[in-house]
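K.L.:
Please build the complex by placing chain C on the supplied structure of chain A, with the hints as guidance.
Protein chains: 2
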Amino acid sequence: MPERRHITGFSNPLVKFLRSLRDKKYRKRERRFLAEGLRLLTDARESGIVPEILVMATGREAHPLLDSLERAVIAAGGDVVEMDLEILAKVTGKDNPQAVAGVFTEFDTSLSALDRQAAPIWLVAQALRDPGNLGTMLRTGDAVGAGGLILLDDCADPFSVEAVRASMGAIFTQKLALARWDEFIGWLRAGDGQLVAASLRDPLDYRQAPYAAPCFLMVGNESQGLPEEYEAACDLRVTIPMLGRADSLNASVAGAVLAYEALAHLR
Amino acid sequence: MPERRHITGFSNPLVKFLRSLRDKKYRKRERRFLAEGLRLLTDARESGIVPEILVMATGREAHPLLDSLERAVIAAGGDVVEMDLEILAKVTGKDNPQAVAGVFTEFDTSLSALDRQAAPIWLVAQALRDPGNLGTMLRTGDAVGAGGLILLDDCADPFSVEAVRASMGAIFTQKLALARWDEFIGWLRAGDGQLVAASLRDPLDYRQAPYAAPCFLMVGNESQGLPEEYEAACDLRVTIPMLGRADSLNASVAGAVLAYEALAHLR
Chain A
3 MPERRHITGF
13 SNPLVKFLRS
23 LRDKKYRKRE
33 RRFLAEGLRL
43 LTDARESGIV
53 PEILVMATGR
63 EAHPLLDSLE
73 RAVIAAGGDV
83 VEMDLEILAK
93 VTGKDNPQAV
103 AGVFTEFDTS
113 LSALDRQAAP
123 IWLVAQALRD
133 PGNLGTMLRT
143 GDAVGAGGLI
153 LLDDCADPFS
163 VEAVRASMGA
173 IFTQKLALAR
183 WDEFIGWLRA
193 GDGQLVAASL
203 RDPLDYRQAP
213 YAAPCFLMVG
223 NESQGLPEEY
233 EAACDLRVTI
243 PMLGRADSLN
253 ASVAGAVLAY
263 EALAHLR
Chain C
3 MPERRHITGF
13 SNPLVKFLRS
23 LRDKKYRKRE
33 RRFLAEGLRL
43 LTDARESGIV
53 PEILVMATGR
63 EAHPLLDSLE
73 RAVIAAGGDV
83 VEMDLEILAK
93 VTGKDNPQAV
103 AGVFTEFDTS
113 LSALDRQAAP
123 IWLVAQALRD
133 PGNLGTMLRT
143 GDAVGAGGLI
153 LLDDCADPFS
163 VEAVRASMGA
173 IFTQKLALAR
183 WDEFIGWLRA
193 GDGQLVAASL
203 RDPLDYRQAP
213 YAAPCFLMVG
223 NESQGLPEEY
233 EAACDLRVTI
243 PMLGRADSLN
253 ASVAGAVLAY
263 EALAHLR
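If you read the protein sequences in the order shown, they are chains A and C. Per the working numbering: the first sequence = residues 3 to 269. Per the working numbering: the second sequence = residues 3 to 269.
With the rest of the complex left out, here is chain A (with noise of 0.2 Å):
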């Protein structure tokens, strides 16, 4: 194996390359992303996709699959570098960083790379604007055999270190478009395609619900909600039960919850 780069000092400028990543400006600039993590970038490996640049922290421990993720990013023709912890603490953002890191190139975000007859469920969220609540939705979309996930309008950058450290891998096995509505629902309604979307204005119960293969699940913005015209424009709203004194559920857990009834029906 080759002699590794190790790096010192914080000044080094591959160092400020890796911070800056983790400003929104850079990364679409550079159109690349920081995930963090052994099993992150094992799962990534495992869907064929290796990183530009290995990080790992020096004094890590030894690892099986850190040995071959660094075979795999070698043979692709990567860079493997070394630096101290704190440094990779100040990459990453993070009190306790992994000891491993990686430098990936962004996706293709079209619309027209998705396959909606790939998957029997698709997540589709319309101004997502917290990363946490648009890596929970990747994990669970991965968790419920769905495509992917659509992101709508304004939505939190998918390849923030926050929203790829919320999917837990699966930022690297969920396809991911991002679009404006009138684009996706022209898309949309081009070809086959249920859109659904959890609503107060229907009364269909959303365990009682036809859910039709591929389904494309919408939920909306944090604190607004969908706006009126796309739920109007859905051939389902359901109604998820709330007996309390709240009119919703967090964003990620509506997703979810319609995910998993879908689920159950289309299995």
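Think of the hints as simulated: they come from the structure by calculation, not from any bench. You may find that some hints are simply not true.
Where chains are identical, the list cannot tell them apart; a pair therefore holds if satisfied intra-copy or between any two copies.
BS3-like cross-link-like pairs, simulated, lysine-lysine; straight-line CA separation at most 25 Å [what the hints assert, rightly or not]: (1) Lys92 to Lys177; (2) Lys18 to Lys177; (3) Lys26 to Lys177; (4) Lys26 to Lys96; (5) Lys30 to Lys18; (6) Lys27 to Lys177; (7) Lys96 to Lys27.
Note that the structure is a prediction, hence the values are computed from the model and not measured.
P.N.:
Coordinates of chain C only, in the frame set by chain A:
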């Protein structure tokens, strides 16, 4: 209405006191916590709980709900204080603070204060570390008509600003109890109660399980899950399908999927 106190400086002792409530150590010592937003404070009032101190931003928009909140606080012998929005931002630690916040007395969080027959569903979380997940579980509990949330072992503080915010007011409608595992299982077995956990160990489909009220739905720590011993002590171990690469859901999502399933059986 009596003259309100106006606070103009960051160094005012009350401002210092309010800011200290963002720190768990001070919250515990003072047995007080902060909640922000007209909607949350109105939810609290409708549940019969008014803040000891009501803090309002100068220059806020008038609102009938705010007027009645102010009257309720004064009628209860509480304090009403005005301060600049930028000081309020320092108090709540939010860039865009809501125009109103309140200081509340912590509730009784002993198991013995719970009436287990008061609701068909109770949520239980073990070593839940993320205040957002904790607040989200309270919010889900409210939605499914649960009695409350029981926090086992070392959980995040339910009275942190972040947890209160994520609860969307459910901190005022759900009962809360804090206990160690031994204390909890002793209390549970001294009366009626079915203890249920999502588990990978048993093949019982979560949709086919014989849920019975009062049903205690337990989720584990975000990264470790439940200790084996806790799972073994459950009456039911149910399986939620995992069709992807991952073998787990976000803790608050798992709790919600279980809670909505149990609700459908127990309603």
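K.L.:
To test your reading of the hints: which numbers does this structure violate?
P.N.:
1, 2
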